[in-house]
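Heads up: the sequence lines are chains A and B, in that order. Here this note's numbering is used: the first residue of the first sequence is 19, the next is one more, and so on. Here this note's numbering is used: the first residue of the second sequence is 13, the next is one more, and so on.
Just so you know, these hints were derived from the structure itself, not from any lab. Incorrect hints may have been included.
Claimed, not checked - Just some of the chain A residues that point at chain B, by a computed CB distance under 8 Å:
1. 79
2. 82
3. 83
4. 85
5. 103
What the hints assert, rightly or not - 16 Å max Cα-Cα, derived EDC-like pairs, lysine to aspartate or glutamate:
6. A:101 / B:91
7. B:48 / B:82
8. B:411 / A:88
To be verified - In silico negatives: residues of chain B with every beta carbon more than 10 Å from chain A:
9. 41
10. 52
11. 90
12. 160
13. 254
14. 291
15. 296
16. 324
17. 329
18. 388
19. 417
20. 421
Ideal placement from N, C-alpha and C gives every residue a C-beta, glycine not left out.
So the chains spell out like this:
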Amino acid sequence: MLHMNLPERIPVVVSVDDAHLSKVDEVVARLRAAGMEVAQTLAHAGAVTGHVDSGRYDALKQVHGVSGVERERTFQLPPPDAKIQ
Amino acid sequence: MFSTSGREPFSGAFSSRRDVRPETTGRTLVLMRHGKDAMAAGVKALSSAAGLSTLRASDASNSMKMADLEPSTAMILDEIGVAVVNGNPDQIGRLSIQATRPDSILAVEAERVVYAAVWPPIGAAVMPVAPAAAGAPNVTREYLRGYRDGLDHAADLCFAGGVAPLEPVRANERARMNESAATWGLQATRVVESIWTGSGVKIAVLDTGFDLTHPDFAGRAIVTQSFVSGEPPQDGVGHGTHCIGTAAGARQPNPLPRYGIAYESEIYVGKVLNNAGRGGDADILAGIDWAMRNGCRVVSMSLGAPPGPKPSTVFENIARRALAGGMLIIAAAGNESDRPSYVAPVDHPANCPSIMAVAALDATLQVAFFSNGGIEPNGGQVNIAGPGVDVYSSWPMPKRYDTISGTSMATPHVAGIAALHAQANPGISAVDLWTRLVKSARPLGLPAADVGSGLVQAPV
């Protein structure tokens, strides 16, 4: 039986290094070329968010102009009637 | 605590760091050796050596009110072997000489004034405050000093041994606190005394949004933006409204008490958590980017996730950039701890070195049991602490107000106070603002891993 290992689609956040802060669009283009599905370009903060297949996650770190690539973390508040929030 | 070595009173009982002598009542305590014969000898010494009249507390006809004790009189407390003496210095001197030959009198000490270890002190006498803070509650400086010294003395006694530790004051002591005019947090941080309002300062709060119908915020400058797809900035949860209330609520809400700090600041509501209280890094970063673009000086983030082994490089890069550009990001240390048995590390993203991490204190200025600590050696420090237990603030209508706890509540205290400092120091850089907050914090004598430099203080 042929098992298909579908690549996991990872939500990622990427930071652009200081040298490329004024050229974020260039870095975004390279990230796309490396397989990233870009959702947001946050030019002021110098961050890019989106998704990438797990097999291409590490390659994003090699993109010129990138200072950090991380899997997106999620936050969950306690319910509104909790004593401690 | 009585010394039996005959050395001078107080020599071991108080921290040498403090120059202030403790308050005394004018009366003197005399410790006598226990045992029937020794007590009799002690009482004899009181009358013959010092010429004092003696009364026994066990005698029902004697008033137990020490304040009524006549001059040149000793009230004998037989059960504990102590006499309370109202004597002149010459009489006390003669008793002290007796103490050097301890067959009856063991020690002679001035009776100290102590204060109940409750915050704020019950029945504190009223002192007028500056007109600019009219409507603020009044607490005397002397009472605060006495409270602090009383606690120091009690702690020193415990460390010296031989005295059972006091029961910690519980959070339910809050029921006895005077929060009729302003919340305890605004008192403890000196916001109530501050002349500053946050005018001209933009504060961004990245959270669940805000109840834009809340009556206490009518007429306020509020800019909103939702980063949650399919949901407007209107708060469907409460958390965001509560945090914004603390950071920027009105000076005179109706009804009182006042619960907000920077009441003339411009509020930037960034909804980054949905109406189920859920969100992700991507929306947080979008909120930070938006705040930067709009010239916000302060960003308050009462949100956190369990950290990894080291802080996020992505968030650290963005936060460092924000700092350099004039924006201070302040985040909650997190609530995963269960002190004393378990202290969790500071949450992401507060664990970033360029993000100010805030711990929570209760009204007795102890670390809240849930407050995370700086236990990771690589980053993840607590920088400062704020009021975070039983914090009263705004809530979505119709409930209007609620009282909850969390490092989420401590964080907007720091953010609101940061806005006051920013107003008081026009043109101050975000880095210098950080330094100012940390340096002006009130030291608590608690580990920096738990509270950073101490309790945040408003500029007065």
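Tested hints:
1. 79: violated (10 Å)
2. 82: Constraint on residue 82 of chain A not satisfied, violated at 16 Å.
3. 83: Given a least distance of 12 Å, the restraint on residue 83 of chain A is violated.
4. 85: Interface hint status for residue 85 of chain A: holds (5 Å vs cutoff 8 Å).
5. 103: With a minimum Cβ separation of about 4 Å from chain B (threshold 8 Å), the hint on residue 103 of chain A holds.
6. A:101 / B:91: Measuring from Cα to Cα gives roughly 46 Å; hence the hint is violated.
7. B:48 / B:82: Not OK: residue 48 of chain B and residue 82 of chain B at ~26 Å, beyond 16 Å, violated.
8. B:411 / A:88: Violated, because 40 Å separates the two Cα atoms, which is more than 16 Å.
9. 41: holds (44 Å)
10. 52: holds (58 Å)
11. 90: About 48 Å separates residue 90 of chain B from the closest Cβ of chain A, which puts it past 10 Å; holds.
12. 160: holds (28 Å)
13. 254: At roughly 8 Å from the nearest Cβ of chain A, residue 254 of chain B sits no farther out than 10 Å, so the non-interface label is violated.
14. 291: At about 5 Å from chain A, residue 291 of chain B fails to clear the 10 Å cut-off, so the statement is violated.
15. 296: Since the minimum Cβ distance to chain A is about 8 Å, residue 296 of chain B lies within 10 Å and the statement is violated.
16. 324: violated (6 Å)
17. 329: The claim is violated: residue 329 of chain B sits with its nearest Cβ about 4 Å from chain A, within 10 Å.
18. 388: Fine: 16 Å to the nearest Cβ keeps residue 388 of chain B off the interface.
19. 417: Answer for residue 417 of chain B: violated, closest chain A Cβ roughly 5 Å.
20. 421: Given that some Cβ of chain A is not farther than 10 Å from that of residue 421 of chain B, nearest at about 8 Å, it is violated.
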